[in-house]
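J.: Read top to bottom, the protein sequences are chains A and B. Residue 1 is where the first sequence starts when you use UniProt numbering, and the numbers rise one by one after that. Residue 1 is where the second sequence starts when you use UniProt numbering, and the numbers rise one by one after that.
The set of hints was computed from the structure by calculation and includes no laboratory data. Heads up, none of these hints are tricks.
Each pair may be met inside one copy or between any two copies, as identical chains are not told apart.
List of simulated lysine-lysine pairs, DSS-like, C-alpha gap at most 25 angstroms:
id, residue 1, residue 2
1, K134, K71
2, K107, K169
3, K33, K71
4, K133, K71
5, K165, K107
Remember, it's a predicted structure, so these values are computed and weren't measured experimentally.
Number of protein chains: 2
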Amino acid sequence: MPRYRMTIEYDGRPYRGFQAQGALPSVQGAIEKAVLGFCGEAIRVHASGRTDTGVHATGQVIHIDLIKDWKAEVVQNALNAHLVPEPISILDVQVAEEGWHARFSAKERRYQYRVLNRMAPPALEQGRVWHVKKPIDAEAMHAVAQVLVGHHDFTTFRDMQCQAKSPMKTLDVAAVRREGEVVLLEFASRSFLHRQVRSMAGSLVEVGVGRWTRDDLKAALEARDRRACGPVAPADGLYFTGVSY
Amino acid sequence: MPRYRMTIEYDGRPYRGFQAQGALPSVQGAIEKAVLGFCGEAIRVHASGRTDTGVHATGQVIHIDLIKDWKAEVVQNALNAHLVPEPISILDVQVAEEGWHARFSAKERRYQYRVLNRMAPPALEQGRVWHVKKPIDAEAMHAVAQVLVGHHDFTTFRDMQCQAKSPMKTLDVAAVRREGEVVLLEFASRSFLHRQVRSMAGSLVEVGVGRWTRDDLKAALEARDRRACGPVAPADGLYFTGVSY
Chain A
1 MPRYRMTIEY
11 DGRPYRGFQA
21 QGALPSVQGA
31 IEKAVLGFCG
41 EAIRVHASGR
51 TDTGVHATGQ
61 VIHIDLIKDW
71 KAEVVQNALN
81 AHLVPEPISI
91 LDVQVAEEGW
101 HARFSAKERR
111 YQYRVLNRMA
121 PPALEQGRVW
131 HVKKPIDAEA
141 MHAVAQVLVG
151 HHDFTTFRDM
161 QCQAKSPMKT
171 LDVAAVRREG
181 EVVLLEFASR
191 SFLHRQVRSM
201 AGSLVEVGVG
211 RWTRDDLKAA
221 LEARDRRACG
231 PVAPADGLYF
241 TGVSY
Chain B
1 MPRYRMTIEY
11 DGRPYRGFQA
21 QGALPSVQGA
31 IEKAVLGFCG
41 EAIRVHASGR
51 TDTGVHATGQ
61 VIHIDLIKDW
71 KAEVVQNALN
81 AHLVPEPISI
91 LDVQVAEEGW
101 HARFSAKERR
111 YQYRVLNRMA
121 PPALEQGRVW
131 HVKKPIDAEA
141 MHAVAQVLVG
151 HHDFTTFRDM
161 QCQAKSPMKT
171 LDVAAVRREG
181 EVVLLEFASR
191 SFLHRQVRSM
201 AGSLVEVGVG
211 RWTRDDLKAA
221 LEARDRRACG
231 PVAPADGLYF
241 TGVSY
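Assemble the whole structure, with the sequences as input and the hints as a guide.
T.: Below, the structure is given as structure tokens:
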């Protein structure tokens with residue numbers, strides 16, 4: 001029973017998140033349907049992590065177990081054909097090593113958050129960026145973002161619905177840079193709490209537009225209180241970009 | 001009666017091209033409706049050039065004449081508000097100099113064509129790139145593209161429906177480069193024939209994938225015969241990127 005490891009890309013807009021929930025459209029449901037169409041096997045897709053409604057991915061990693069042994073390339077091409085016209089693409093398929101698991105073997109997850117920082121709203125990037133009109137100082141944001149790096153209690157940046165047992169996480173990377181009109185935020189951690197990236201991104205933009213100082217961000221983190229969080233950034237700008245194993 | 005010069009961005013997918021044609025959705029129609037909503041004036045939008053169904057723009061230039069004198073910033077913000085939820089954005093508004101005309105004053109128009117060159121289909125870029133699976137040699141394409149630069153009879157690269165009086169055009173720039181999985185083609189000319197960019201892009205991709213040589217492209221150009229053109233590249237990958245005055 002071979003296990004196939006796949007890297008996938010998707011546009012999160014049409015889905016109620018990654019995870020299948022009854023008849024609601026989900027990335028997981030769409031892929032499971034494509035597998036059924038391709039080889040008749042009703043399987044479960046396992047992902048390195050879930051994404052929320054409207055959140056995109058350029059490097060989500062999943063696995064499936066199939067009874068029959070197919071060449072990886074056949075699986076990739078067949079699934080992409082069966083996924084039409086869903087905005088989900090199988091970028092890469094490999095036969096996984098014994099014992100490897102998309103979720104449990106993951107050592108680091110990476111997210112990117114994209115802010116379109118200009119007066120005019122997005123046209124080509126509708127639903128794919130957060131539009132912030134007020135000028136952002138990306139360098140100041142980057143400097144202050146370092147407050148979040150390290151091992152902390154991230155209760156402030158955690159959704160009330162989060163089911164993780166502990167709010168303690170180690171943030172490895174928090175980097176901010178400007179590319180023209182776009183401000184890019186990058187985060188890496190072994191794992192994230194529910195809405196942690198959007199909570200941190202929203203609070204960091206408060207810093208970028210000059211409403212919060214370094215001390216304000218530090219105080220918010222140290223408060224360990226959800227009410228101390230800045231506005232939660234919308235799903236539109238969030239991309240799950242990669243996983244390391 | 002002030003004339004407003006505007007730079008606009010749009011996603012071409014929902015529109016039957018730039019030009020208003022009865023009740024069909026068009027970029028021009030959407031902007032004219034927004035102007036009517038903003039100030040009650042039923043005006044005509046003039047563009048530097050038309051774009052076809054599904055063709056995008058990041059730097060189209062238009063003008064409108066209004067009876068009342070508004071601040072440029074007011075016009076921009078009001079039109080963007082009235083354009084919601086259309087994927088059209090007014091990037092910049094300026095009061096035009098006396099005698100300036102979006103179409104007649106234009107000295108150079110620029111287009112970009114985007115090819116996604118990988119096995120997997122686009123997910124996030126559906127409808128916004130041409131997906132070509134076969135590996136493309138962008139350097140070879142760039143070298144051969146220089147055959148098209150200069151003053152030529154572009155009959156081969158002109159749609160049968162083209163209404164221009166002459167097929168003679170001067171192509172100033174034809175440049176091809178790779179950025180990761182994307183091959184970018186850039187073209188600049190005082191003006192283009194109908195479907196000229198897509199016709200040149202499709203023929204150049206024949207070169208990139210190794211089906212055409214430099215001599216084949218040269219022979220196609222010199223044939224001055226529409227039947228000598230390669231496959232016309234789809235609208236999805238085409239972006240009108242800018243105009244010089």
